[in-house]
Each structure stands twice: as C-alpha cells, then as structure tokens.
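*Asks:* This is what each chain is made of:
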Amino acid sequence: MHNRFRYVTDKLATAGAAIAAVLVIVPLAAIFVYLVMKGFGALNWAFLTQIPKPVGESGGGMGNAIAGSAMILGIASAIGVPLGIGGGVYLAEYGRGRFAHICRFTADVLNGVPSIVIGIAIYSLVVVTQGHFSALSGGIALGIMMVPTITRATEEILLMVPRSVREAALGLGIPQWRTTISVTLRTATSGVITGVMLAFARVAGETAPLLFTAFGNQFWNTNINQPTAALPLQIYTYAISPFEEWHQQAWAGALVLVALIVFSVAVVRLVAARGMLKGAH
Amino acid sequence: MGTDSVRAKKLSPRPEQQPRHEQDEGPVAVHRQPLETQRAFAKPSLLSNLADRIFKTSTFVCAASVLLILGLVIFELVENSQPTLGKFGLSFFTGTAWDPVSGDFGALPFVYGTLVSSFLALILAVPLAVGVAVFITEMCPRVLRGPLSFMVELLAAIPSVIYGLWAIFVLSPLLRSYVQPWLAEHFAWTGLFDGMQLGFGMLAAGIILAIMIIPIISSITREVLIAVPRNQREAALALGATRFEMIRIAVLRNARAGILGAIILGLGRALGETMAVTMVIGNRAEIAKSLFAPGYTMASVIANEFSEATDELFLSALVEIGLALLLLTLVVNALARLLVWSITRGVPVSSHAQ
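If you read the protein sequences in the order shown, they are chains A and B. My numbering puts the first sequence at residues 1 to 281. My numbering puts the second sequence at residues 1 to 354.
In case anyone wonders, no lab produced these hints; they're calculated from the structure. It should be emphasised that the depicted structure is a prediction, and the values quoted were computed from it without experimental measurement. Ideal Cβ placement from N, Cα and C applies to all residues, glycine included. Incorrect hints may have been included.
Okay, the calculated beta carbon distance ranges per label pair [unchecked claim]:
{"id": "1", "chain 1": "B", "residue 1": "E286", "chain 2": "A", "residue 2": "G131", "range": "53 to 59 Å"}
{"id": "2", "chain 1": "B", "residue 1": "W189", "chain 2": "A", "residue 2": "N44", "range": "49 to 55 Å"}
{"id": "3", "chain 1": "B", "residue 1": "G195", "chain 2": "A", "residue 2": "V22", "range": "39 to 45 Å"}
{"id": "4", "chain 1": "B", "residue 1": "G191", "chain 2": "A", "residue 2": "A15", "range": "31 to 37 Å"}
{"id": "5", "chain 1": "B", "residue 1": "A184", "chain 2": "A", "residue 2": "K11", "range": "33 to 39 Å"}
{"id": "6", "chain 1": "A", "residue 1": "A18", "chain 2": "B", "residue 2": "E286", "range": "37 to 43 Å"}
{"id": "7", "chain 1": "B", "residue 1": "L237", "chain 2": "A", "residue 2": "F263", "range": "20 to 26 Å"}
{"id": "8", "chain 1": "A", "residue 1": "A15", "chain 2": "B", "residue 2": "V170", "range": "23 to 29 Å"}
{"id": "9", "chain 1": "A", "residue 1": "Q218", "chain 2": "B", "residue 2": "L198", "range": "54 to 60 Å"}
{"id": "10", "chain 1": "B", "residue 1": "L313", "chain 2": "A", "residue 2": "G131", "range": "37 to 43 Å"}
{"id": "11", "chain 1": "A", "residue 1": "A29", "chain 2": "B", "residue 2": "G195", "range": "29 to 35 Å"}
{"id": "12", "chain 1": "A", "residue 1": "R96", "chain 2": "B", "residue 2": "E286", "range": "51 to 57 Å"}
{"id": "13", "chain 1": "B", "residue 1": "V170", "chain 2": "A", "residue 2": "F5", "range": "37 to 43 Å"}
Covered by chain A, per the in silico footprint, the following chain B stretches (three or more residues, Cβ under 8 Å) [what the hints assert, rightly or not]:
{"id": "14", "segment": "51 to 63"}
{"id": "15", "segment": "264 to 270"}
{"id": "16", "segment": "301 to 309"}
Okay, chain B solo, but in the shape it has when bound:
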C-alpha cells in the first residue's frame, strides 16, 4: 500500500482525492486511479480499449435493468389502475363495498386484513425471533450453534404454498380443537376471541405469517448481534454483570437500531405474503373485531380474483390494490434498508475502531 499511494500521489490528476487512497478500502480501491496511470508502460491497443468499453457498457445495462424492472412494474400498475383511480379517487381506500357485479369497489376490508394479520404476526414473531437470535449467538453450546442456525435458515427456504398446505391440514385443526376453545374460555372478555371457532381466519393467518417471518427477523438480528464488538461484552461482564444483564446492556442496546431494521424487513415480507395467507384466512371481505372471524388481505384478493376478473373496472380495482400494496412495501423496505445501512456504516464501525 505504501509505494502504491506514493505513486498515486505523483500520478493522480486530482490530489484532493488523496486521503481516500490512503486507507485500503479493499478491491474497489484499485479503480480509484484511472487505468491509464496503472498501465502507462503498456499502452492498450485501440481494439482492447473498445472491448473494455463494450464490456463496461454491457454490465452497465445489466445493472440498469434493476432500475428498469422497478420502473416498468410501477408504470404498468399505474397505467392499468387508471379506470378506478379516476372513478373512485381516494375513496377507494375508505369504501367497504366489494361488488364486481354492480361495479362498486372499496378496498378498506383488504387494507384492514393486511395490516391486522401482519401486526398480529409481528407481535407473535418478534419476541421469538429475537429470543432465538440471542440464544444462538450468546447462550447456546457451541455444538448446537451450527445446526440451529441451519434449521432456522431452512425455515426461510420453505415455499409459501407449503406453509399454506401445512396450515390447512395441521395448524387449523389444531387451532379449532385446542387453541380457540381455550382462548374463548379465558379471554372472551377482550372481544378479540368471539364467534365461530372455524380454525380458519385472522388468527390462523397471523400465526402462519409469524412462522414465516421468524427466520428473516432472526437471521438479520443474529448478524447485527454478532457485529457488536466483543470488548463491549467483556467490559459489561468485568463490571460484574450477569449474562442477561450483559446481553441487555452491552448487546441489545448496541444493536437496537439493527434489530428494528430486521423487524421492519419482516413486516415488509408479511405485508406482501400471498399464498399461505390466502389458504387459511377465510377470504371474506369483512371487517370484524374478532380474530376468529374470516378476513381478506390485499394480496389474497388479487390471487383469488385476478384471473376471473373479466371487465375493465374489476381488473383495474385489483391492479390498484396491487399498486397500493407495492407502495406500502416500497416505503417499508426503503425504511428498513436505510436503518440497516445506517447501522452497518455507523455504530459498529466506529466502536470497532476504538
């Protein structure tokens, strides 16, 4: 690095960039100086110059395709939801009617279903996911660490439709015969556990969603926890903290923003999850207080009705729901990304440096 930066100092056309050359920033840094200065001894031929330019342009096109895809998706959704956007405006999201025959559309029950099932999933998943992450990184015997994290990873690899299959034939009968009667007996006064105990409905959807987002939240949380510097832990232990106090003071406190990012990423996944929810939520466009009642989510109404939607207005209503879902997940994901990015760039790095 030493001789390198000396040479760079001599050759660099813009000396004000110098400080960035001095720290080794890994392999990217090689391109910080123009190629010509690196290979001044062997002037590249015109042909290889051209090849270089073609190669760079084609990889540029590949990278730009990501932007193009997102742009096209947004454009198509906006374009195809024009009929309902024009006809209903914002009242589309406050209306509760869903009547394809008479052409009256309101999306409130679906928005409600999506939000309630997702937050229910978060309430169930967050303590478990953080608990697992803490257990794997801080507590469990070294032998168990690998297998345990592999199993949690495996949970993330199972397709949504298989969770749905399992939920229909295993989870929902279980809920119907054991969990729901118990909840109704002890917590009926809350009004959340009223009515028919079908096994299908909001509660089943929330539970299956929770199972599906636990691996996401816990794997990112685990990464964040590992990033907490070791000396923080040692310092807390040296002051006489018990292991739990060390985890609370040194680990969780340092990692809280990253954990929040992980939770929001889990929320993003839950909002857009389609198949498993469609298979157990009951698919009725109603707003009910009870978690036993069937509901409907934005994603599942699209899944169920899109290929049957024949007239333009019906199709447009479904596309507009898709657009709303897209915007919701874009905002949630962007927020989570920025949070996680700010952490990986800020806190852990500066505390490593100490």
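The shape of chain A in the complex, shown without the other chains:
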C-alpha cells in the first residue's frame, strides 16, 4: 500500500515537471508565432528604408529608427567593450586582493540595477549638461550597462586559459603586457566575443534608459548630439498608440529587433559550440 503511494507520487511529480516545461514553452512559442504572423504582414522594403508617415497615411517605415539604433549601439559598444574587456583582464590577471573582490561584487550588483535608474543618472549627467536629448547620451547609458556583463564574462574566460600557456610566453622573455594581449587574450578570443555579443544582445532591446536620453525622432538623424530614434523606442510608441496601422508597424519592428537579437545569440551558441578557447581541449 505504501509502495503504491510512493509510485503514484513519483509519477505525479514527473507529470508536474513536464507540465511546467510545457507551460513555460507555450508563451515563448506564442510570442514567436505572433511575431512572425503579424510582423511579416507589415514588413517590406519601405518599412526598412523610409521614415514614419503622419497618422492616417499608410506606408512609411522605421528606417530612421533602425539607423538610430545602429548609431546608439555603436556608441555603446565603443564605450562598453574596451572598458569591459580591460576590467576583465585586470580581474583575471592581477585580481587577487580585496579591491578586485569588491570590483567583482560591484559588477554583479551593477548588473542588477534597473535600466531605468541608469537612464535617470545619465539624464542628469549628460542630457542636463548638454541641454538637450541626444544619441550620445543614449549610447553612454547603454554602454555603461554593457561594462559589468563584459567584465565578468572576460574574467571568467581568461581564467580558463591554462597557466602553462602564460608560462610558456613569459619563459620566452616576453613582457607580461604583451603576453596578456598576444597570448592570453588571443587564446580566449572566441570566449571574449561571446561575452561581448551577449552584452550587445541584452542592451539592443533596452527601451527604458532611452526614453529620456535618446528620446526618439520622427526624421533621419546622423548627428550624435541630436535626439535620435531607436527601434525599441519606436516599437513602444507605436504599441501604446491607438492606431491600427501603427500597431502593425510595431509588430514588424519587433520582428526585426528579435531577428537581430536571435541572430547574435545564435552566433554565440555557434561560437560556444566550437570551443571558447583556441586549440584548448
């Protein structure tokens, strides 16, 4: 009798876990199905190359938002990637004492700071100083959000580089800085790229910090000191608008954004599958 009870609970628990898995996958599948169904309808060449049309006129697109996102993400990467990799190198190669420990902890904590709070800080630091919204401020906000992610990822991958590789280089009389750049970092290149792409994918869809830094723009803009449209911002504005045509465009924009992010995550998986370290087994 007791055994029958144990048998039944075992089966029930298995069923419960399987149901949980299904319940988690369902929203994911639903989101993708809707993205493709609704997004493809409005996706065309005009959408990718034109600026938004006024309400009531059909057509138009998010070309300026796509370009704006590219500009903001470019600025963000220019700030976040060197700082992040440098920080990771310090933690992996020199990071022993209390200071490095505090840095690790701070990076992890900074990773959890809500993006909107970063937006406020950059607003008062950059936007108020400059006197107007700008692509630059949006780029800075996203850039500093990349730093902790890249720092920790770089540290982790550098620690995986075998110590014999470093010793071999040092043994040849190569100075340590050169060893780190040309041997340690080179060995770990694909791992470092993985970290960078993950950070990139994370900030590419960020909307909250751009609301009051990049701000958005209805027209083309190539000046980093001017308010700039960004894809996530445009999706947000269109999604909460009352116009059916804009909803369509929001879905198409979402499809483009997700395609971009899934592409970078897939690249990461591919690189990771081929090994994070060069020639290491």
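Let chain A serve as the given structure and place chain B on it in line with the hints.
*Replies:* Okay, now just chain B, sitting in the frame of chain A:
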C-alpha cells in the same frame, strides 16, 4: 606543479604563504610569486617594466570604472532628489497623493504596485521555473535537453518591450475574455478578483513579469542542480528511493540555498522591470485590493512621467522614486549574490571532495 612549488619554496620571500602555492588554483596561481622570481634569468629592461606598469594601470582603471559608475549613479540620484528629500522626508513613502500641479507627492501607491506585482510574479514563476529546471536536469530524455534549455535561454533574450507588445495584443484580451470571468466566478469571495474585467491591471502585470523572470530563475537553478554531486543521487537511488524521492532528498535539499539565491535574483529583476509592466498595468496611482484593478509601479511612473516633468519638485520626486528603487534592488541583489557565492564556495565544493 611539484618542481614548481619546490622552486617557489626556495625563492618565495614569505614562506608563510606556502600552503597556498601547493594546491593548483588554476591560472591565477602563476602570479602568486612575484614576476622577478620567475624571470630572474632574463632581467626585464626598464622600458618593458614601464610598459608593464602602464598596462596594469590601464586595466586597473577599466576595472575601477565599475565602481565609478555605481558611485556616480548613486551620487546623481541623491543629488537630484534633494528637493523632495528635504521637503517630505520619510513621509514621501507613506503619502498617497500624487499631484504634480499642487506639488504634493507621495510614493506609497508606486511602492505598493511594485511589491505586489513582483510578489505575484514570484508566486506564479517559482514553481514553474523550478519545475522546468528539475525536468531538464533530472527527467527529460537526453535528446530534448539541449533544445529545451536553448528555448528557455531564448526567452531571456527577448526584450522587455516585445513582451509588452505581446501582452497588450495577446495576453490581455485572453485575460479579459477567459481568465478573468472564470476567476471572478469561482474566487470572487477572496476579494482579490473583483471589479471591472479590463484585461489590463495588476494581474496582467504579474503574469507578464512571471514569464520574464522564469528563465532567470530556472537557468540559475539548473546550474545549482547540476552542481549537486552525482554520488548523492546514486546513494539515494541505491537506498531504494523513487526518482521523485531522490530529487527531493538528494537534489533539492542540497541545492535549496542556491535555489533561494536564484529566486531572489528573479525578484530583483521583477522589481526593476519597466517597459512590459508599464504597457499593461493600467498606470493609475491607486491602492486597490483587487488584482483586476489598475496599478502603477515605481519604474513605470518614472518611464511615463520623467520626460514630462518640468518643474524641479516633480522631477525630484521622480528621481527619489528612482533612488528608492535603486536601493531596493541593490539590497536584493547583494543578498542574492552573497547567497549564491556562499553556496558555490561552500557546500558543493566540500561534498565534491568526499
């Protein structure tokens, strides 16, 4: 390692550090001995010494930038919330008025909205996330393991604004026409499911938040579960436990602190989540018992009103809400970090050693 530590013993200026040299601690250990002792045969030139120092300093600056960023963020928020900090003091967080025109600000409805939506999300997400993690690591056929964890990872990569878009056009109509009538019919007596069935409101926000934090909780839980040593499982099975009993006794018990850390990290994410919540919560500064009623969170009031806030006091009130949100998430994240760190350093390591 053997000859190495002998040499280190001879050359190390501080023999009391010796025990740390003896165990191979991976690549970092190479720096435990000063560089000079490693390369005594080829004295580095003055120039390369300088280059080394410059390189070390510049990477140090990069690492320190993390501290600088956090410091600057905190400083800016404190600095810019001075007007309301001075005017309202602590009563800012107990007041319920939100009237930018007359300059009366109280943040209680936002704090309430943030806490209720986050805990609702936790209640929904934790069983599912732990269930998925257990299913992937312990139960599912090997073929499914990779695709399943990839899909859960993918769920984490979707931007907040797209969850919001989906919630507006798919989730909320679904709630309005099926879920809310059912809840109202069967559970109205709890008082939680009263009033207008709009599809938007606290319930919708809690559900979309739950969907968003499931991948975080489940991926960390999965890591913790994998870290439970295999022989623990085998021991439980050998004693005649069923698979569920093995999972309960050997796996979940060993991993509980790590799972708690994962849950707290999920909570941290839920507290600060902005866009998706803003798009479905209804954005009304009210405290209502019913989960059908619209609410407002700390993050969404900032998102909605920050660029419209023109006068100093209004702006300061929003910044102070941001500061409170920051402190809340800092405490929650630090707690989770310490928990996860204590686990990865303590329990699994010592049980591996057996």
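*Asks:* Now tell me, hint by hint, if it's right for this structure.
*Replies:* Tested hints:
no. : hint                        : result
1   : E286/B x G131/A: 53 to 59 Å : 36 Å, violated
2   : W189/B x N44/A: 49 to 55 Å  : 52 Å, holds
3   : G195/B x V22/A: 39 to 45 Å  : 32 Å, violated
4   : G191/B x A15/A: 31 to 37 Å  : 33 Å, holds
5   : A184/B x K11/A: 33 to 39 Å  : 34 Å, holds
6   : A18/A x E286/B: 37 to 43 Å  : 40 Å, holds
7   : L237/B x F263/A: 20 to 26 Å : 43 Å, violated
8   : A15/A x V170/B: 23 to 29 Å  : 27 Å, holds
9   : Q218/A x L198/B: 54 to 60 Å : 31 Å, violated
10  : L313/B x G131/A: 37 to 43 Å : 21 Å, violated
11  : A29/A x G195/B: 29 to 35 Å  : 32 Å, holds
12  : R96/A x E286/B: 51 to 57 Å  : 53 Å, holds
13  : V170/B x F5/A: 37 to 43 Å   : 41 Å, holds
14  : 51 to 63                    : holds (count 11)
15  : 264 to 270                  : holds (count 3)
16  : 301 to 309                  : holds (count 4)
Of the hints listed earlier, those the structure fails to meet are numbers 1, 3, 7, 9 and 10, in rising order.
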